[in-house]
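Protein chains: 4
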Amino acid sequence: MSEMVDIQNERDTRQIEINKVGVKNIKCPLIVMDKKNGSQHTVASINMYVNLPHHFKGTHMSRFIELLNEFKHEKISLKKIQVILQEMKDRLNAEAAHFEIEFPYFIEKKAPVSKAAALMEYTCEFIAEKSDKEKFKVTVTVPVTTVCPCSREISDRGAHNQRSLVTVSVQFNKFIWIEDIIDIVENAASCDLFSLLKRPDEKFVTEKAYDNPMFVEDIVREVSTVLSKDDNITWFTVESENFESIHNHSAYAYIER
Amino acid sequence: MSEMVDIQNERDTRQIEINKVGVKNIKCPLIVMDKKNGSQHTVASINMYVNLPHHFKGTHMSRFIELLNEFKHEKISLKKIQVILQEMKDRLNAEAAHFEIEFPYFIEKKAPVSKAAALMEYTCEFIAEKSDKEKFKVTVTVPVTTVCPCSREISDRGAHNQRSLVTVSVQFNKFIWIEDIIDIVENAASCDLFSLLKRPDEKFVTEKAYDNPMFVEDIVREVSTVLSKDDNITWFTVESENFESIHNHSAYAYIER
Amino acid sequence: MSEMVDIQNERDTRQIEINKVGVKNIKCPLIVMDKKNGSQHTVASINMYVNLPHHFKGTHMSRFIELLNEFKHEKISLKKIQVILQEMKDRLNAEAAHFEIEFPYFIEKKAPVSKAAALMEYTCEFIAEKSDKEKFKVTVTVPVTTVCPCSREISDRGAHNQRSLVTVSVQFNKFIWIEDIIDIVENAASCDLFSLLKRPDEKFVTEKAYDNPMFVEDIVREVSTVLSKDDNITWFTVESENFESIHNHSAYAYIER
Amino acid sequence: MSEMVDIQNERDTRQIEINKVGVKNIKCPLIVMDKKNGSQHTVASINMYVNLPHHFKGTHMSRFIELLNEFKHEKISLKKIQVILQEMKDRLNAEAAHFEIEFPYFIEKKAPVSKAAALMEYTCEFIAEKSDKEKFKVTVTVPVTTVCPCSREISDRGAHNQRSLVTVSVQFNKFIWIEDIIDIVENAASCDLFSLLKRPDEKFVTEKAYDNPMFVEDIVREVSTVLSKDDNITWFTVESENFESIHNHSAYAYIER
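First to last, the protein sequences are chains A, B, C and D.
Going by the numbering used here, the first residue of the first sequence is number 1, and it counts up by one from there.
Going by the numbering used here, the first residue of the second sequence is number 258, and it counts up by one from there.
Going by the numbering used here, the first residue of the third sequence is number 515, and it counts up by one from there.
Going by the numbering used here, the first residue of the fourth sequence is number 772, and it counts up by one from there.
You can take every hint at face value.
Pair ranges (Cβ atoms, derived):
no., chain 1, residue 1, chain 2, residue 2, range
1, D, 809, B, 367, 29 to 35 Å
2, D, 841, C, 671, 52 to 58 Å
3, D, 851, C, 529, 52 to 58 Å
4, A, 256, C, 604, 50 to 56 Å
5, A, 200, D, 905, 52 to 58 Å
6, D, 906, B, 282, 32 to 38 Å
7, C, 604, A, 156, 40 to 46 Å
8, A, 256, B, 370, 33 to 39 Å
9, A, 257, C, 725, 56 to 62 Å
Here are the simulated lysine-lysine pairs, DSS-like style, with alpha carbons at most 27 Å apart:
no., chain 1, residue 1, chain 2, residue 2
10, A, 72, C, 550
11, C, 651, B, 394
12, A, 110, C, 603
13, A, 229, D, 828
14, B, 367, D, 851
15, C, 629, A, 27
16, C, 651, C, 541
17, C, 624, A, 72
18, B, 329, D, 969
19, D, 807, D, 908
20, B, 329, D, 846
21, A, 80, A, 36
22, D, 969, B, 337
23, A, 75, C, 623
24, C, 541, A, 208
25, A, 137, C, 541
26, B, 314, C, 722
27, A, 135, A, 229
28, C, 743, C, 722
29, A, 75, C, 550
30, D, 886, D, 979
31, B, 367, D, 798
32, A, 115, A, 198
33, A, 89, C, 629
34, A, 208, B, 465
35, C, 743, B, 314
Derived by calculation from the structure, the hints in this document are not laboratory data.
Each residue gets a CB set at the ideal place from its N, CA and C atoms; glycine is no exception.
Extracted from the complex, chain A is given alone in its bound form (with noise of 0.2 Å):
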């Protein structure tokens, strides 16, 4: 076997660097931290990417696959993942590395009246960067109801009201929760979800979500009024997109700072 010619680490001639180059879209079962709980199972879509300078003629695929199987029992966390990063770069001879990874997350909520407990389910995703400096940046992805502002000012009764997935990226100087983020998001809508509401929860939330209209622009606004406040966040962006209840397309809104 050692006979077998390895062409990816034979000569390129055509000085071209690669920004990227890697595995995409692997799925992986893992363990996340919980704020509440200490960690939560959950299963992964991860993708891993080194640089490769211009006289290499590929990269060993291989090895990202090896890697990520050494970490599967362990709780992935900020400090551990810039363990993967440190690991890639040196067993991939890189001078940069990325590890990117998205995975559903769990937080247990509790109905607003009745007090009834039910799993709500978040998106997130870490996007990490090794080079000579380092990245990263967390994503969380936050179902919320939007009442418009407009609808129920023009008309006699009800308001539109739908969906809206607010999607907010950090990069920050120190830890921050995944949940603090999501309360942010659920303090700026019109109302926040839940995956169980007994009658009296749903009348709570229908009032709550009518005394509180805001537009895609509101929503926005205030998630970044919040942001902005907090030393810790170096940089951020908020989008929210609005699944229409009178159109068959969304409203969207987006601040970078």
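Given the structure of chain A, go ahead and fit chains B, C and D onto it with the hints provided.
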């Protein structure tokens, strides 16, 4: 070239007939019939299958594509699909032919008060089969608004509402227009959707929807009631998926008759 | 709270029974059975429906979620699904209950030569129904390689090959492992897939696939042959979609028995 | 009606400008430019955004749709998009306007030996921005075949190959045809794809691909080499995702210049 082995034509000895074999997910620009304008251009996703008797090793996939390309400048009607199915049977020596086509379909709709006009999109699918018998199924997916009757009843103000997707499939004796199926669904909802609404329109649709609260159960029952009375319709299914604005999951109902 | 109107419980006079009504697309972390390790954690997408007799206006959607949350720490087995179905019937006063669950399932596979181990992902679905009769359908989707026999035969060197998705659905008398269905499919392909392959492995799978050319027709026939011989299996479908590497569409075959 | 409150026009005091606000995912039939035939019909998905100064509460979403409907019978060209952007700025009193459009694009391709003709589909996207400066980005996604050089070298027979998606984005000084970008990508692959191939064609493409083995790294470097030499192109990215036929994940490479 004529000496190339035709492996597909070789004899198969496993004694297993294949129900459907062919090409799937071919994208193709097409012209379809339009009740108001005669015809409209769209882009379709197409599947073409035949049965394969147990003694043949394989079918000739390229013949499906050849056939499809011959029809690309013609208007795709029910009759034309019968011609395509017969050609499939003839050219592939098959006893059964299946032709499935899905496409976005556009109708110009006027806003209820301002009469401002804009295009609304609906998803349509034809599934046709020709063997010793003929089968033709038309499916239309119509987005609508639904206001929750329970939320309206128990709340002092407002009512949660959301976009819902109602999907109707029908088999029939004589021709039926896509437009007529859409009308049935839009009349059964709390309110229909529009691409373009000015403020007086928004007031109108908000109040109309509030005055017509519908559970997911009501929608499918209303559509079902109308379809049941139509002698031309020999079989149907109705389903509705409501993208609940207070939950992160859908409410769903389904009737088959 | 007890004075709130229960609209769902009101009488409906349209005389239309609804086949299925309930909640769709609920995301939930779950524990499922694992042939080798006893159990594994995964994240599922779940639908829960009951029938609704013609005289009831609506079903009580929150009861599905309550029920589901009671089972979130238990291992989901065939037996447990029967318990869930019975609970659905009881709590919702229904004659028929439907439980549908789809989840990624992971198996550690060793590379054929180097024996390097890594997780492979498969998509599984259970569709269960309990009315006066019981129904249970297991569906597994298995990615494999297929080498085209025609391309191999007519070409002086090489042969086009591609990733294919083989989907098997079975009904059976007594319990059947997901792992056993996967084995049947992987043995029927030109070669099975692996997450981690070192160079000697890559040589092995390339040559094995080249030595086992398979049309899309061959795959479904091979799987069908094995399933037909198994007395435990009372009904099955097999389909394969080959993402042709020489075309931008798929080749497809389907058998139902 | 004229007395209806215009909430969107009210003053906002949060002092937060919004980068982009508007409508997303509008489906619309359109006519686009075609190098060979002058024009072709397609169906597009469109986003339209403007910036919103900090002192306005909301934008007027219906104006985007009104504007779009005025252009539905005209050929969408680079020049026309500049007109649309200017109209967006004028009618919404905005300093920046964004117009994003994605659509399937069809080109008739002849098979390499038999010369049999059929349509191939490519996905195109234009992203245009007009503020104090103008920006225009064209993205084309081209499906191709890639044969693995390592697999070919180490195996006694055959070589794994697969469908790959190559995505090129460019900014440029003067007009560039979609067709020309597609040519660059198709020439850089192991072999290009066709909708219709007869057996002599299949032999040709199999052998051509086998004779041109390409890593995912090679594809992006080859495309990059050609684009770098073109003075008209001021910026580009190239990425390739190879749907590996021996794995259930993708190989990926990305270059930005």
